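J.: Below, each chain spelled out in residue letters.
Number of protein chains: 6
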Amino acid sequence: MRLQLSTWPEVETYLKTSKGIIIPIGSTEQHGPNGLIGTDALCAEEIALGVGAAAGALVGPTIGVGMAVHHMEFPGTMTLRPSTLVLVIRDYVTALAEHGFERFLFINGHGGNIATVRAAFNEVYAELRAARGASAPEVRCRVISWWENEGVYGLSKELFGSSEGSHATPSEVSVMQYLYPDHIKEAPLDPPVAPSSQFYDARDYRRRFPDGRIGSNPGLSRPEHGKRLYDAAVAALADKYRNFVGEP
Amino acid sequence: MRLQLSTWPEVETYLKTSKGIIIPIGSTEQHGPNGLIGTDALCAEEIALGVGAAAGALVGPTIGVGMAVHHMEFPGTMTLRPSTLVLVIRDYVTALAEHGFERFLFINGHGGNIATVRAAFNEVYAELRAARGASAPEVRCRVISWWENEGVYGLSKELFGSSEGSHATPSEVSVMQYLYPDHIKEAPLDPPVAPSSQFYDARDYRRRFPDGRIGSNPGLSRPEHGKRLYDAAVAALADKYRNFVGEP
Amino acid sequence: MRLQLSTWPEVETYLKTSKGIIIPIGSTEQHGPNGLIGTDALCAEEIALGVGAAAGALVGPTIGVGMAVHHMEFPGTMTLRPSTLVLVIRDYVTALAEHGFERFLFINGHGGNIATVRAAFNEVYAELRAARGASAPEVRCRVISWWENEGVYGLSKELFGSSEGSHATPSEVSVMQYLYPDHIKEAPLDPPVAPSSQFYDARDYRRRFPDGRIGSNPGLSRPEHGKRLYDAAVAALADKYRNFVGEP
Amino acid sequence: MRLQLSTWPEVETYLKTSKGIIIPIGSTEQHGPNGLIGTDALCAEEIALGVGAAAGALVGPTIGVGMAVHHMEFPGTMTLRPSTLVLVIRDYVTALAEHGFERFLFINGHGGNIATVRAAFNEVYAELRAARGASAPEVRCRVISWWENEGVYGLSKELFGSSEGSHATPSEVSVMQYLYPDHIKEAPLDPPVAPSSQFYDARDYRRRFPDGRIGSNPGLSRPEHGKRLYDAAVAALADKYRNFVGEP
Amino acid sequence: MRLQLSTWPEVETYLKTSKGIIIPIGSTEQHGPNGLIGTDALCAEEIALGVGAAAGALVGPTIGVGMAVHHMEFPGTMTLRPSTLVLVIRDYVTALAEHGFERFLFINGHGGNIATVRAAFNEVYAELRAARGASAPEVRCRVISWWENEGVYGLSKELFGSSEGSHATPSEVSVMQYLYPDHIKEAPLDPPVAPSSQFYDARDYRRRFPDGRIGSNPGLSRPEHGKRLYDAAVAALADKYRNFVGEP
Amino acid sequence: MRLQLSTWPEVETYLKTSKGIIIPIGSTEQHGPNGLIGTDALCAEEIALGVGAAAGALVGPTIGVGMAVHHMEFPGTMTLRPSTLVLVIRDYVTALAEHGFERFLFINGHGGNIATVRAAFNEVYAELRAARGASAPEVRCRVISWWENEGVYGLSKELFGSSEGSHATPSEVSVMQYLYPDHIKEAPLDPPVAPSSQFYDARDYRRRFPDGRIGSNPGLSRPEHGKRLYDAAVAALADKYRNFVGEP
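Residue numbers (my numbering), protein chains in the order written: chain B, 985 to 1232; chain G, 985 to 1232; chain H, 985 to 1232; chain X, 985 to 1232; chain R, 985 to 1232; chain U, 985 to 1232.
One chain only, chain B, in its complex shape (with noise of 0.2 angstroms):
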């Protein structure tokens, strides 16, 4: 269920049975020479959407760009400030507590999201705190990434071994050949797989990663491999909203 897809009075009707609700969040950066930019936005979308239809949960609209300065070198990367994101995660989450949503899942998309993301939510306790004392709406909040568990964790493994890396990798290239086959793109890879190695700024990254990548072959992506890890994310996920949202 999308909330954006939702009347007013059906979420009305939801919050009677259910205080919980998804918010995907990704990034708009760049992923290489044949990654798509939305990657991240896009599969936590997609993967989000999979889940709330797998868990009955309502699911919120997309943070499309999140925080990619360190990608900045590359056209066409788009970021939030820290700063900037902190207070659209502070908007969101106190919008929807107005309504008596309690427990917000932000589905990530996008490993440079999540410190900011954690700080977000401490600003948000802390806001509330200060606004509204011991009467504050007692709102819970947890980012997980989807690729954090086992299920997904184990097919990268298997499919991709050490060529798997952490920027551009081929599950990410290959879920959205999955949901996006007609944005399948040829590049060449040269070195096929990428160094990889810590970095800091945007010129950093750029001269350590030139293309990009880091320690990823994204040219073993292929639709049936991002079928396979697109379900595998949803089935982990759903497990995960389950017993978030039915913690005492």
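Hints listed in this document are in silico derivations from the structure and should not be mistaken for laboratory results. The structure displayed is predicted, hence computed values, not measured ones. Each statement offered as a hint is correct.
Any copy, or any two copies together, can satisfy a pair, since identical chains are not distinguished.
As a list, the in silico DSSO-like pairs of lysine-lysine whose alpha-carbon atoms are at most 27 angstroms apart:
{"id": "1", "residue 1": "LYS1169", "residue 2": "LYS1000"}
{"id": "2", "residue 1": "LYS1224", "residue 2": "LYS1211"}
{"id": "3", "residue 1": "LYS1003", "residue 2": "LYS1224"}
{"id": "4", "residue 1": "LYS1169", "residue 2": "LYS1003"}
{"id": "5", "residue 1": "LYS1141", "residue 2": "LYS1224"}
Dock chains G, H, X, R and U against the given chain B, drawing on the hints supplied.
T.: Structure of chains G, H, X, R and U alone, referenced to chain B:
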């Protein structure tokens, strides 16, 4: 051409021949008993994609949650504070400006956004000037709502006359019915044409417009009307985009 | 009745019979070769004082520097960033709301302020709601520019026709000549009627409008025209104020 | 020379021979039973205009609402939050610095402003340095209250002795009676000399000083005293301004 | 070498041979019945000073109050909002970067800080890029918690096994007993090993962990264990610092 | 009693008999050729701990980096922007106020902090009032510099006369020599007594005071002088603290 479905080398290539980009901006807010909460975001997004296709323009990610403070007494409505939305727009524009984009057309689906969006444009101009002085990139930002053109205006009048109203209108509901035929909702509308007046904060809004509509009868909505309106909007906005990027 | 020329016991007494207050808001920005930099602030202030006298309303202190980012290439122009102006308006309204004021009419002298002022009103509504929930004071804010009424509009048209333009207009210059007869300036206007178009940032503005005017011929200004315009504005706005505070 | 009564070409000419400008800053806050709420703003403004005339200095628009958080239990008091006032001063100074102004003398009418104004000056210095580094304009900001000079101090002592106090003083009330002879108010003052002490927040202030005055007997105010104080202030501050702009 | 115990000429000299600096960051928050509120700040500070001595590195002033929103139901806990901590880190880094420091190692004593610290690093990168573009200083920031290394981890396991837990651990309490032998506290611990689970806001935290501990038995703490842990941490982090500043 | 060396149950007990707390605040900035960069932070901290011991007061964590924008041309100086320092103080006070602390004495080591600290106190009062209205906790904040008392002032005059100056003074350097005898530095002071004047931004400061000192001869510093000054400061401030918490 959708930014999120492009690779960074494709964006690099695009920038060699165009500095223009379209950003859809909408809202996630109640749209009366039978209107979808995502109406403003999804109309803006889909019309923007149509304009992008017609005019060969890149279309960036949608700002799906806008300024809807006044709708907050209706479950499911989300809003950014105006101050947050200013920062989001600042981040969108300045990130893209770093890559060389210079002309930003925001295709808007929500009248309530316009004031804040315009404030944001001047915030962007002021920040760039403060940071970079005479060497700041010369960005140009414009916002146009999809119904702000003779084609759509004339059609709305012809189809719905004085039942068009100004919120949860049969025009926007029709466009959604055309775009999302599986999500056409039935709901009693009493009175058929909603009341109309000025309003202030969210409590005031709800008292004046108990079911959320202002001056409209969305019971007149039809998918086939939606198609005509959609086509008219795309045609008109594609012209406006071409003029905008062609301005000296 | 001017707030700054009242004592606090007088304000306490006023609040027993009225919750309304007028706030003048203008700008300090270039007004072409013969227009005064304070035109928008001083017109708004003087008209507001006239309205206050006519309608028995308290008039608060003027916001004299507004949103004039686009005029910054002309010496003497001052501007608040939009984000600052939002905070100023927030502080004005929330301070006065603590005392019991509930209806805030901003009499505006500068078109460029309107978007930011409207964004600010929603920021106020959102902040009060976040801090106080259902017990927040129900403030109502409205902004009206002094020329937004049939009386002034008709007079401008009659007096100046198509030479009115949209910045450094003969109407506003005339009002200033009436109000400040010792500060009537002479300056060459070449061409007599300035060019007119859309514009973007400050550099763009200066290139398009080299002497600062948009579409106007302020050489037609006369103090006696100013008096008629002033009187028409005061009469129209006094009516609007009465209606506003009388709204249920 | 008042900035708001000048044209932009006149300011351009002024800048060829001077980089100095005066900004009046006051407050809109209770001034006891017979003192006017605008005392601090209007004294600062009128004295600044006198100084401008005496020293040939440009005088910018008044910051009429200052930092008066502690007066907020008295109807009619307005305040900016300190954080807002910092931004307003930042915007004033940086806007004028873009045109070439370098020496900013803030003529102050309210002791409670001083801390925040000084904080703001360092915020300005820090921001300019962060944005522009070694090429930042070298602005110099100073704040002087109109009574901070031997002339005014000696006169106050001579005229009112220990009944001067520190808020709603007979000196400032006298200056207002001189400047606004039509707004001289009569009100009982009981006790004639108000109590005096440290204070903290607004509730604490009102408990300690129930009618708003601190240590003063404004019943001693006379317009003719006001004239002497005004003249002394203008003379002393004109000297200070000349020294300030003449500093190497 | 402690920055606060150096003179500015000594720092000038240091910068000729090193661009590295260590910043300790901790928290001031409850640490269970027998743990000291300053545990995280003082462990980080003392370990950082040890690392500075071992590696010849300058050690800056400690950020003693961190992100401890979730501990706020326990008296004595202090916290910065995440948004404040971001600004503090921004100011620390940008101030030192002006002098030429380029490598910033934050030695951390509190797991709850990490997300916000990482968000802050990207805020710094983004601000420097926005202000200075390609000429921005290339700073590199890293955060390492003192227990994030094989040496400390192995020792903790050996000494405390599954009684280590994750807050108010016997490891950190032992280090404090070693560093502050005059402040070893006795307090009943019931149950000896505290419960363990996920948690959300401060109220939720206190309900789940009534005495403040998570999963730990700090009754096992001993100063001599503390010494071994301290030495292991210093040795491991000195290596990490050397590698960090030695990175190309 | 040092907050960071207490447990939360000890703080809970303390609050049963006292609502007072001391917060040391200093700066990390150049102190001339032989003064330590941490002078202001460490003097404030150590004196505060002495006062805490003498008066039985809890002493919170030091704010070690203050407002030192004007010292930024000297290597090793750190500063918070005034706007950041306001937020830090807000967070310190509001966090402690949640536990029931009501009287906050900031013992200050840096004259440059005072304006911003006072601005911050009013920001705190304003925020608490905005969020909680009449039910806001009534906190009282005061800042006192350690030399602001007859004892220290008289001693400084006796020991150093006109060579005391106002930055990098022999008084503060002496206190540091007493507190940190292993870090007494020798450095040429030329001229022995530094120049003295007004100053503005950091570049201006460095031109006027090339080695960082203002009006002082810290060559006169001696640890034994430091001991006398330290003892005088502690005695005087312990009295002030007792008076402050004893105020009705």
